[in-house]
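Construct the entire structure; sequences and hints are all you get.
Going down the list, the protein sequences come from chains H and L. Under my numbering, the residue at position 188 of the first sequence is numbered 188, and the numbers go up by one with no gaps. Under my numbering, the residue at position 46 of the second sequence is numbered 46, and the numbers go up by one with no gaps.
FYI, nobody ran anything at the bench for these hints, they're computed from the structure. Just so it is clear, CB atoms sit at the ideal spot from N, CA and C, and this is done for glycine as well. Please note that the accuracy of each hint is not assured.
Take a look, some chain H residues computed to stay more than 10 Å from chain L by CB distance [stated by the list, open to error]:
| hint | residue |
| --- | --- |
| 1 | SER37 |
| 2 | SER54 |
| 3 | ARG75 |
| 4 | VAL131 |
| 5 | PRO156 |
Residues on chain L that point at chain H, a partial pick, calculated with CB under 7 Å [what the hints assert, rightly or not]:
| hint | residue |
| --- | --- |
| 6 | PRO8 |
| 7 | SER59 |
| 8 | LEU62 |
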Amino acid sequence: MAGVDAGLVHRAKEGDETACRRIVDRHANMLYGLAYSLVGNAADAADVVQETFSGAFQRIRDFEERSSLKTWLTRILVRQAARRHRARRKHRAVSLSRIPEQSEGTTASAADANLDARMDVLAALEELSPVHREVLVLREFEGMSYEEIASALDVPRGTVESRLFRARREMRTHLCDYETNASETERG
Amino acid sequence: MKPCDRMPEVSLYHDDEMPGDGRAAFEAHLASCPACARELEALRALSRRLGALERPQVSPALLERFHRATGAVREGVVLRTAEWLAAAAAAILVAACAWLWQTDARAAAQTAIPDAWELTAMGIRQDAAVSESHQLAQWMVAGLTVEDSND
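Here's what the structure looks like:
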């Protein structure tokens, strides 16, 4: 574990509130970005991060430090996000998959086109199953190695490889229009 | 384009998860396999697209909210510890009261036993007194009887 985090964890285990605040300061941005990518909106992402920190500090004495603090926090966050995703799925009235349809015909400017492209990428991410989204986000956004992802998700490395392969295939299927356009641009 | 059996390895190469010697061999394969080369380019394009997404930053207000939540958790832990300690103290108090009550009862019982012994002892003395009176009476009767016979 990174030296600074190891020291903070030891102090947090002894009930040092300043150490807890430092842990929040060091990891809040990373966790918030990850949560946003997993749940798709700022309000849920904030709730997920708050639940992650609450859960982490309640169980900080159980943290055996076999993985890094970042990996441990990521594992808690992924579980919280999956729980929220399941709860939201039950009550969700409008699917995010409709976003690309709503933005059809609104490519009047380059800025709009750019926004549309980003919306499509987000919608494609949303279309992925939670397990595929997790591996893709951890790899592409957090730059985690396969071993770190395996540790964070508590799955074998081979599972990470296969999920990542399928996740990328699925993303490319959703974004096939962009791939076709890119190929045509390259050829043209 | 004919798919290649080594296409799943493109991900490993792209993610820099291939061991050094395997990486060099795969680069040679990439140079001769258009399908894998195209796959690699598609993966790079996808990574660029995902990387272009804005990553939200935690605002100072949100950070303060996380800090407050953390403080509340710590207070909750302290409160739970205090509750646990209070419960433990109450249990110890009850146990101590029970022990004291039992000790008093035992002491009372022990006080009663000497009374019984005392009574028993007195009983023996009474018996002894009765016995002495009985002997005296017997001596007196015997004496009178002797006097009568002398008369």
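Hint by hint, here is what the structure shows:
1. SER37: Non-interface label on SER37 of chain H violated, nearest chain L Cβ at 8 Å vs cutoff 10 Å.
2. SER54: violated, 5 Å
3. ARG75: holds, 18 Å
4. VAL131: VAL131 of chain H clear of chain L: closest Cβ-Cβ about 16 Å, beyond 10 Å.
5. PRO156: Holds, since 14 Å exceeds 10 Å.
6. PRO8: holds, 6 Å
7. SER59: This hint is violated: SER59 of chain L lies away from chain H, its Cβ roughly 10 Å from the closest one there, beyond 7 Å.
8. LEU62: Holds - the Cβ of LEU62 of chain L comes within 7 Å of chain H, reaching about 6 Å at its closest.
When the structure is compared with the earlier hints, violations turn up for hints 1, 2, 7 and for no others.
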